[in-house]
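Please build the complete structure, drawing on both the sequences and the hints.
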Amino acid sequence: MKVIFIVQGEGRGHLTQAIAMERLLTNNGYHVTEVLVGKSLSKRLPGFFTRSIQAPIKQFSSPNFLPTRANTRANIPYSLIRNLLKLPEYIESMRFIHQRIKKSEADIVINFYELLTGFTYFLYRPAAPLVCIGHQYLFLHKDFHLPTINKTELFFLNLFSRLTSLGASRRLALSFHSMNPDKKQNIYVVPPLLRQDVFYQEVSQHNYIHGYMVNSGFAEDVYQWHKEYPDIPLRFFWDRWEEEPVKRIDDTLSFYQLDDTVFLRQMAGCKAYASTAGFESICEAMYFRKPILMVPAHIEQECNAYDAMQNGAGIVDETFNLKRLLDFSKEYQPNFKFTYWVQSAESIILNELESLAPTHFEEHMYMVEEFV
933 MKVIFIVQGE
943 GRGHLTQAIA
953 MERLLTNNGY
963 HVTEVLVGKS
973 LSKRLPGFFT
983 RSIQAPIKQF
993 SSPNFLPTRA
1003 NTRANIPYSL
1013 IRNLLKLPEY
1023 IESMRFIHQR
1033 IKKSEADIVI
1043 NFYELLTGFT
1053 YFLYRPAAPL
1063 VCIGHQYLFL
1073 HKDFHLPTIN
1083 KTELFFLNLF
1093 SRLTSLGASR
1103 RLALSFHSMN
1113 PDKKQNIYVV
1123 PPLLRQDVFY
1133 QEVSQHNYIH
1143 GYMVNSGFAE
1153 DVYQWHKEYP
1163 DIPLRFFWDR
1173 WEEEPVKRID
1183 DTLSFYQLDD
1193 TVFLRQMAGC
1203 KAYASTAGFE
1213 SICEAMYFRK
1223 PILMVPAHIE
1233 QECNAYDAMQ
1243 NGAGIVDETF
1253 NLKRLLDFSK
1263 EYQPNFKFTY
1273 WVQSAESIIL
1283 NELESLAPTH
1293 FEEHMYMVEE
1303 FV
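Here the sequence shown is numbered in our numbering, starting from 933 and rising by one per residue.
Since the hints were made in silico from the structure, they are not lab data. Here the structure is a predicted model, which is why all the values come from computation and not from measurement. Any given hint might turn out to be false.
[To be verified] List of simulated lysine to aspartate or glutamate pairs, EDC-like, C-alpha gap at most 20 Å: (1) K1262 x E1278; (2) K1255 x D1153; (3) K1115 x D1249; (4) K1035 x E966; (5) K990 x E966; (6) K1074 x D1114; (7) K934 x D1192; (8) K1034 x E1024; (9) K971 x D1171; (10) K1255 x D1163; (11) K1179 x D1163; (12) K1116 x D1075; (13) K1255 x E1174; (14) K1116 x E966; (15) K971 x E1021; (16) K971 x D1192; (17) K1035 x E1024; (18) K1255 x E1284; (19) K1255 x E1152; (20) K1179 x E1152; (21) K971 x E1152; (22) K1203 x E1174; (23) K1159 x D1075; (24) K1159 x E1284; (25) K971 x E1037; (26) K1115 x E1284; (27) K1083 x E1250; (28) K1203 x D1163; (29) K1159 x E1134; (30) K934 x E1278; (31) K1074 x E1085; (32) K990 x E1021; (33) K1115 x E1134; (34) K1262 x D1163; (35) K1159 x D1182; (36) K1203 x D1183; (37) K1115 x E1085; (38) K1203 x E1284; (39) K1203 x E1263; (40) K971 x E1174.
Shown next as structure tokens:
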């Protein structure tokens, strides 16, 4: 069965999900023909992704959220204006996506939360069934309990999720725990998609705090805390590509460019983990049974952080207050059910994909019979 991936290139999460999905499908006889990635002007495609993906990678111009001047949160008004000005470019991208789907003769298209995929299916209606995968679809589920947050921002987040999945045959919602499907919304809950490298790590506990910030402006928070507690080792990853691979501030503070092999190894050996609440790295830290401090940078991460907190992953703060994380780590209790849930991902996700196959493939089967 031929599959084509379309991936949102923002952040690390969707990219690592695509890596994990390619391996899962390839191991089970599927053929991923190519991977289309919506590129962001503010971030380059990480080396760990280009090294790990086996299928050919093609990039296209896609809407993205630009950071504020402080580079800590997304600048929504500026991002909206900038993306509207680039509309002709995005229309060309949709033509490109449609052409690639047709040329690949894909049996299934898997969309990793790329907005232009939804619009492509709305405008061009490709024949291949569309499966959309992402934790954001869980926020549309009738039984998902949302935190008390800005209702307007939540409305636009859910609108964005609906737009990414226009024309979808199925929405696969990645979740920290099992839930019944919401068939009215076409949502089926599946375990997190963690890369194979996660399962090969040797987990230990050293004395350093490990961290990841999707917007490098949070580095100032970390640096200020470090000045107050200089004896506690900190190893943080950021997206400042102009910096050297490892920027060593002093003996106990270093900032690393994002290298996923190093990132996972450092996480597996840390005392605790601090992050801007991206779903994927929270799942990895939970699997390694590490206490987590989550500092959400936008509405989606606020929902992630709330859900993770409800599942015993860690605590939430507005800044990188690592003292709170150290205090929490003394009372932290790992969620062992989460480990078993993650390990069931392959069978559950394959089940969902194969449930789409009969109607699509029967048509091809009858065509062959008629020809014979």
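Right, here's what the structure says about each hint:
| no. | hint | in the structure |
| --- | --- | --- |
| 1 | K1262 x E1278 | 34 Å, violated |
| 2 | K1255 x D1153 | 13 Å, holds |
| 3 | K1115 x D1249 | 35 Å, violated |
| 4 | K1035 x E966 | 11 Å, holds |
| 5 | K990 x E966 | 8 Å, holds |
| 6 | K1074 x D1114 | 7 Å, holds |
| 7 | K934 x D1192 | 28 Å, violated |
| 8 | K1034 x E1024 | 16 Å, holds |
| 9 | K971 x D1171 | 15 Å, holds |
| 10 | K1255 x D1163 | 12 Å, holds |
| 11 | K1179 x D1163 | 18 Å, holds |
| 12 | K1116 x D1075 | 12 Å, holds |
| 13 | K1255 x E1174 | 30 Å, violated |
| 14 | K1116 x E966 | 32 Å, violated |
| 15 | K971 x E1021 | 12 Å, holds |
| 16 | K971 x D1192 | 19 Å, holds |
| 17 | K1035 x E1024 | 16 Å, holds |
| 18 | K1255 x E1284 | 43 Å, violated |
| 19 | K1255 x E1152 | 16 Å, holds |
| 20 | K1179 x E1152 | 14 Å, holds |
| 21 | K971 x E1152 | 27 Å, violated |
| 22 | K1203 x E1174 | 29 Å, violated |
| 23 | K1159 x D1075 | 44 Å, violated |
| 24 | K1159 x E1284 | 50 Å, violated |
| 25 | K971 x E1037 | 23 Å, violated |
| 26 | K1115 x E1284 | 13 Å, holds |
| 27 | K1083 x E1250 | 19 Å, holds |
| 28 | K1203 x D1163 | 14 Å, holds |
| 29 | K1159 x E1134 | 31 Å, violated |
| 30 | K934 x E1278 | 18 Å, holds |
| 31 | K1074 x E1085 | 18 Å, holds |
| 32 | K990 x E1021 | 16 Å, holds |
| 33 | K1115 x E1134 | 39 Å, violated |
| 34 | K1262 x D1163 | 18 Å, holds |
| 35 | K1159 x D1182 | 11 Å, holds |
| 36 | K1203 x D1183 | 17 Å, holds |
| 37 | K1115 x E1085 | 25 Å, violated |
| 38 | K1203 x E1284 | 37 Å, violated |
| 39 | K1203 x E1263 | 13 Å, holds |
| 40 | K971 x E1174 | 18 Å, holds |
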